[in-house]
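**Q** Following the numbering used here, the numbering of the sequence shown begins with 402 at its first residue and continues without gaps.
Because the hints were derived from the structure by calculation, they are not lab data.
A quick note: this is a predicted structure, and the numbers were derived from the prediction, not measured.
Careful, some of the hints might be misleading.
[Said to hold, decoys possible] In silico PhoX-like links for lysine-lysine, alpha-carbon gap of 25 Å or less: (1) 1027 - 1050; (2) 758 - 713; (3) 724 - 576; (4) 1166 - 1184; (5) 1105 - 1143; (6) 1245 - 1139; (7) 690 - 1095; (8) 758 - 1313; (9) 814 - 973.
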Amino acid sequence: MKKFLNGIYAAIFWGWNLIFLSVVYLGILPFIGIFLILATFEGLLPVDFLISLTTLIAVPVVCTILGTRKFINQPVELLRLFYGVEAPLVLLCGLRLFIFRELTPASIQILLSVGICIAAFALEMLYGYANRKRSLAWLQMLAHSLMLFFGVYAGSILLFYALPVAAWLIKEIFKFEWAIFLWQTFINDPAITIFFGIPLYFLFWGMSCSLFVAMPSLLAYLYTRSGIKILNNFAAQYGQKKAISGILGVAIATITLFVSFQQQPQVQAFSLLQNPPQTDNVRQALLAKSEIIRTGLVNAYLSNYRYLSSVKDNNHIEHMYGKIFGLSSDVSQGIQHIYNQLMSPFLYNGAESDIEKAEKLYSQFFDTPIQKEEQNAINHALQSTSNLDEAKAGLLNINQKKVWLRQQEVTVKEHGDWADVQLYEVYENKTRDVQEVFYSFSLPESAVITGIWLGDTADLSKRFEYVLSPRGAAQKVYNRQVQRERPIDPALLEQVGSRHYRLRAFPIPVKRTPVETRFQANSPTEMHLWLTYKVMRQEQGWALPQLGEKRNIFWTNGLINPTKRIRNGEVKNGIFAEKLDSWLEAYLPASQTPQAQIKQVNFSLSTDEYKITAQPLNQQDYQLPKNQRFAIVLDTSRSMNAHIQELEKTFNWLKKEGFANNNLVDNDADLYITSIPGTEPKRIDDINQFQPEKMTFYGTAQLKEMLQQFDKLRGETVYDGVLLVTDEGSYELSNNQKNLPKINSPLWLVHLGSLPKAYDDTIIKTIENSGGGVSTDISEVFKRQATKSALGKSAVSVVDGYAWLMEKRTQNLNQNLTIPSPTDSHSFAPLAARQLILGLSREKNLDQLAELDAIHALAKRFKVVTPYSSMIVLVNDEQRRQLKEAEADKDRFDRTVESGKENLTKPSNPLKTTTIPEPSGGIALVITGMIFFIFTKRRRTHVN
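Please construct the entire structure, taking both the sequences and the accompanying hints into account.
**A** What follows is the structure, given as structure tokens:
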């Protein structure tokens, strides 16, 4: 009998080692392992995936060697090695690679404890009790004390699966379907059935029972026995009191950590933000707990990536026991509840709706999108699970280094006090996925973009030219191309504010291997982009685009493989040595500085003729308003707290210039303090009462909401100008609603700190229709408005050192103005057309589609980008057909907010089921899961 049992022990060990070696080296390593190794070195996956893979590959080999050299004649030790070391390690590594996601403190405690127990058991097998060294004996005693707890813990969890598997096996045996199958096989081919079929069939059943049925009880038995053995040896050598104190210490520490880690942070965060705060004291108390709230909301938002399932959705045990054992719903639910308690470190204490709730509360409390602020945490979570990445650049791609700017060239062609500027860039994709390049940038308000082109090479004759299209139609067609499976090069250039532009180019060709380069010599390996604009000369020189935000693109500096920077034909990499993050300089110096000239351009538009005049201004030409009343609307969102000093400086300037003395002889200003939902906005007629340093900036409010609050509070008060004092804000939180009150006075947005990345179209329209603008300095706003008012109704704008005037030809024109030569006038015309469009947009009713079409026709005629007309690069007839259809739609000018939000693909829930697969399908499920893993380990998201 003993020999028979020893034979079974040896068969289990060597049989399963053969299976493990085959699966690892014939399946996992060639199909998954190579990908994991490369992805880890590329930074796509956390290092712990590589550690798990390495362990999974090494364990069967090491155990086979140990079994051969040390335990070859000890079948019982082979059994202990298999059930106590090899099987748990293979299971643990497999779960980490295919099931577990981003680890939480609770799951780390469990996995680390299991790892310690496995290591302690292995060392005890190899070296026995460490009686020669006191410190090692103590460590061994503590580890084996832990083993007592986690041996029972792990065995209990596995037992939930072993019992139904055993019941299913017994049930299948007594169905005798296997006997019928073998009999039919025997009739067809007796020899194969006798010598191969029957032995293999019973071997399969025996091996399945040895692992899936026997492992839970054997694991608990082996770990408990080993723990008791070491504790007895320790007590015999050092005394029972020390042994008991060690056990109690481990027990207290383990239970304390286990219980503390079960307090998931989102519970407290949701509780704190349950009701809108009504007082400053409550708001300040919540702000003091920002880190607690942040941790909780991020945990809820990433719950699908940190937990296997929610407690509510985890129902597979209930279904399994109900189906296999025929238990009642109450009994099955009771068993499921016990299982949930044991698995609580891996289960989320909440609901699926918590994800949307956390996202909303985060933006409301922190005044920024969660994907933008918590980019690192979200990307780490995505890397820790099987989730692919869509090519379109969203918030999670901000500052990601995926596309290298290999070359950048700026060429300036000067025309006295204005110039043509060309920006040429070459992009190289450093990843194996197609990528989108995204730039948000600003130019001087009077500048105008005149062209964009794409190409696979530097050959100008082969590049693809832009088409001017209504903003909504262009956006729609571009987004369709980005989302399709096989995209073809489009580019989209939009004006999203008075000075703001958004450039997107796609797809940057994937990085090719040497083999692909050799056999696909004609395939593109880089993208070339040209952008041209016209700009007026400033005191510092020629203004270059200033970066607001970049996605996926990066550049290099220094001595090793730097981005090649060329300025007017001269390589100048050294200018970027100090500021490594700079995309472009602020200005290029002008080669000469002739005196600025007054310029005129005449335009003939159907029945009307207009003249645009650009009149240079000196410092003495600017003035401040007098005898006027203004409304100051203050943004009280949380992000304004970073600009307290700038806010104090702004209000000190207002007081100094007489806006706070309630006397219209100078000027007067009323203050409107906006609020978040749940609290009331305030109006303060005496701004001397306002103390910025005592304000509590809390929550979030968008520009439309602030203007709506102002409109309700102002009553019948008439103002000469409305100034909304805010910061950069979060354009991504804007919506597409158009319900904005009419602002009859010039609306100015004063941004403390820096300009935003973009505005939604309703805000752009309101600013332009009212005759206002944007600035980062409140004194500049008053000077521009007062100077423009002094110039009369013909003044379109006062900006960048020039006054732009628009007059109809029927008026008595000033004959003393210098008109440029025909050639010069023609090339200067796009700059003038920019101002003509601005002037006409204030005269026309842009709620009428016909008026928008007329404005767009003017932009097409002079080939300029405007807030209503975008440039899109098309490369084939299909894209042109799509654009033609989009341009015929009534919503061709309706552009949606590009929030950049990525709708993260929800990982599968392995613990939720509606139907129970038969256990016999387990192997097929594992194989299917492995194949799925190969193709889904990279992030795939959908971007709005």
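**Q** Determine which of the earlier numbered hints do not hold for this structure and return their numbers in increasing order.
**A** none
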